[in-house]
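Trainee: Residue strings, one per chain:
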Amino acid sequence: MFGRDEKLSPIRLTAVQYVILAIFLFLAYGLWRLQVSQSDMYATLAEQNRIRNVPILAPRGKIFDRNGRPIVDNYPSFTALLLRDSSRDLNADAGLIAEGLHMDPKEVRDKIRHFASMPQYRPIYLKEDITPDEEAFIEAHKNELPELDTIMAYRRLYPRKGFLAHLIGYVGEVSEDMLNQAQWEFNNPGDVVGKSGVELQYNQILMGKNGSRQVQVNSHGQEIGKPLDEKPAEAGRSLKLTIDIDLQIAAEEAIEGKNGAIVAMDPHTGEILAMVSRPAFDPNDFAVKVSRAQWAALVNDPDHPLLNKAIQAQLAPGSTFKILMATAGWQEGIAQTLNVHCNGGAEFYGRRFGCWVKSGHGDVDLTKAIYQSCDVFFYTLANKLGIGRIAKYAADFGLGQKTGIDLPQEVAGVMPSEEWKLRNFRQKWFAGETISVGIGQGAVAITPVQLMRAVAAISMDGRMVVPHVADPAGLPPGYVEVSHLTDVKSIPIDPNGWNLITDAMSRVLLPEGTAPSAHVPGIDIAGKTGSAQVVSLALRAKHANDEALNQNGWFVGFTPRRNPDIVVCVLFEGGEHGKLAARLATQVIRAYVDKQHQQPTKLAGADKKVEIGALWTSPNVENPAQEKLQGGRFVLSVPKKLPPLATAAPGMR
Amino acid sequence: MSRYISFRDFDWVLIGFVLVICGLGVLEIHSATMHTKFAGAHIRQLYWVAGGLVGMFLVSLINYQVLLERVHWMYIVAVASLMTVLIFGQKYLGARRWVKLPGGNHFQPSEWVKLILILAVAKYFADLQQRELSWSDFIKAGAIVGVPMLMVLAQPDLGTALTYLPIAVMGLFLGGVSWKQGLTVALLAGLGVGMVFFTPRVHILKPYQKQRLTSFLQPDADPQGSGYQLTQSLIAVGSGGLWGGKGSQTHGAFLPVPQTDFIFAAFSEEHGFVGALGVLLLYFIVLMRLTQNAQTAPDRAGTFLVMGVVAVLTFHILVNVGMVLGKMPVTGIPLPLMSYGGSSVLFMFLALGMVMNVRMRRFVN
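Going down the list, the protein sequences come from chains A and B.
The first sequence begins at 1 in the numbering used here and counts up one residue at a time.
The second sequence begins at 1 in the numbering used here and counts up one residue at a time.
Please note: incorrect hints may appear among the correct ones.
[Stated by the list, open to error] Example chain B residues on the side facing chain A (calculated, C-beta under 8 Å, incomplete):
(1) Val193
(2) Val196
(3) Phe198
(4) Leu234
(5) Ile235
(6) Gly240
(7) Gly241
(8) Ala276
(9) Leu280
(10) Met288
[Unchecked claim] Below, a list of computed lysine to aspartate or glutamate pairs in the EDC-like style, where the Cα atoms sit at most 16 Å apart:
(11) A:Lys402 with A:Glu418
(12) B:Lys246 with A:Asp40
(13) A:Lys258 with A:Glu576
(14) B:Lys246 with A:Glu47
[Unchecked claim] Computed far set for chain A versus chain B, every beta-carbon distance over 12 Å:
(15) Arg12
(16) Thr14
(17) Gln35
Source of the hints: derived by calculation from the structure; they are not laboratory data.
Keep in mind it's a predicted model, so treat the numbers as computed, not measured.
Think of the CB as a built atom: it goes at the ideal place given N, C-alpha and C, for glycine as much as any other residue.
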């Protein structure tokens, strides 16, 4: 065939060679750009690709009571996750996985789909806080379901049923808003931090420092080889509270089913022994993840379960305020000699102010005014003192101010004065308003912990302590500023005055007092009842059946009468009368006294009858000179052992 | 005439360079699959290379002119086999590319069709006697390549379909296409591609194909989707630096399919710029050696045949290495001689067998 053997144009062949050269130069240039010019950038990217910082979570510090009994602990919690190795068809396994983890197969498939567009190395988080039998399922199916894995993290274990919930608070993941605040600037997203209560207040101590482990991972998120670098986690330090679990149990039981707060304190030191607020929440619900609905229910509950009423309820103290009035009146030299005739009410500034006893108390002096809680006496006293002097003494004893307790979000309350009214309402103070203040009504609004602290100071010869829940001696130095917790302020009070006032208070629980039903034989309790209006009497009359408008019952008391060991304040919301609140307080006081009896003494442990010799004088009132010295022997039977004390907060191991 | 052939006339230099490239490929396959479920692939690759060498010698024994005489029969068989795939093919990963053979083997005809197309194009242009191409010649030559190309595109296998294109382009260029014709066709092709991409409601390309074709322009736009492979490839190549590194991208399974399509990325990561440039140089030497063989071919057909192989090989290298470097779309075209895979290796060696065939007969005239 002609032309077949004719050679091709050599120019075009050469052109092809140049085209090939151009292509190779282009590729070589591409290689140069990547491997030489931008090599550093890609080396960094590669590092980030395979070196992963896996945090080693530091367990939070445990929380103990004053005797070292556990209140808050940690428990290892496992999260089930799916590794997405491309060699497994996850959707085919979804049914079995769902069955083993007690999930809906649809939910599992949804999660797989949701993660489909994410990089392979990111595992799918299937279920948090799985149960032991779900864990066993994963362990048992290691071969059938190699993609199923678990990771462990420590979670908070709180006492059951909201025991001490408000004081402890709860933890949660640090929010974006929080990270913008100075307090949290050194935290990282994902950190679990205290969000309220002691968990928040002492977060720095409890939190510890997360460690980290640098590991090499492949694109499926599986670790390969040994960790390149490991920085161990520093566990959080444990925190010792001043709370006494036995008293706390008594307080929780006393207020169970009611709304309000109980707080008990050692008046010598300010150590809080018990603190309850009701209704409560269960912080364990927050330890994993609180659902939106659950949270909304808590926030919108009209009884405010999230509020720690011991430090956050600002309410009129009612007649308990009369202790402060009596002290102010004595110090100003008015109360000593004040005698009032009560016929069920009195008129001041053209308006009649009624006494709670409609028939009247008759002739009333300071002592009777206290144990009978005569309103007319204190109206008169308030009128004589004037709002200026009342406000001064209230301020001295810390009413209407934060106590400085080591708990977050304490509120100050309100102690009205002429300046206060001018500042807030731009109005002059009316003398008539002073009369209501005299019985703890009107604009007076204080917290239970304030009231307890003020009464404790009056019972302790003017010794004002700072209430606190953490044992300052047990706190590591330099973490949190706590030196002010042990500050003691001394307010000079005439000893005759507080002796008389506390003597009068000890008759409140006697038959002539306002709360005889709360009397505990053998325990010398001094206290004061109070009942405070929530709304005006006129409004109350209109809504007679609305429980929310019931009066609040108050009681603040201590034992023993002189140099007391414990002071207790009770707020019984809707409790109507202070005597009901008093019964709650005496339950706590009785638990305290019972516990004192269990403390080791010479007799303790002698499980038999003990003989004791004694000398005494027989009193002769008519003729003291004839008092005779007498002697004798007694056989005492040591009381049976009291119920054992708690070894831990409820729900703790 | 064909009786005077001798294996002394084999291009041993060319075979030497080809085997060096294959050796590097086997080593890299070994390194990349060491701890994966593909472990041992390098041994299978060695078998393929050995089989390829045998095939090469066998092909070199059959006079290429005999093959050219019968190319129209082969062409009909090729089209028929593509039709078989379309009708009876095994669907795997959404595409019909494989025919199941008795005995459990799979067969991908689209690779062999390439060989036949090289022969067919060589035959067509060798038979043309005028220096200038007429439009009808142009269209006929286009149809020879275009028909199987459309059939492969229907599988759908865009990558392989595109590898048919350089055979036609090379044939037309050497066959004497005029600048005017070239420009006109290039313009029309440009318009066509534009239509395919931008005409709404006409889905010639599947969405994933479009995405793969365009994601190399912006790998960061969808780093977890179709851009993921590309991003990982760039990191692998880039982190290799001048002298190469530990290969964490390859061994950590970040780099997808490091033994096949992305073997050049794996190699570049482990051996750096120096190593990668060395491999490119080896390929360049092989291509230059091939064009040299084309120049010394005994006849026009021989030149066309060898240049067809050059075209396919160059195109593969350009698209594969370009893809690895982020300059070309992700199309799933393997790197000849290095990438793991029997079809690809056998094709290359059979093609080289035809080149040897031409070379051994260079003094026959």
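Trainee: Which hints from the list above does the structure break, by number from lowest to highest?
Mentor: Of the numbered hints given earlier, those the structure breaks are 1, 2, 3, 11, 15, 16, 17, listed in rising order.
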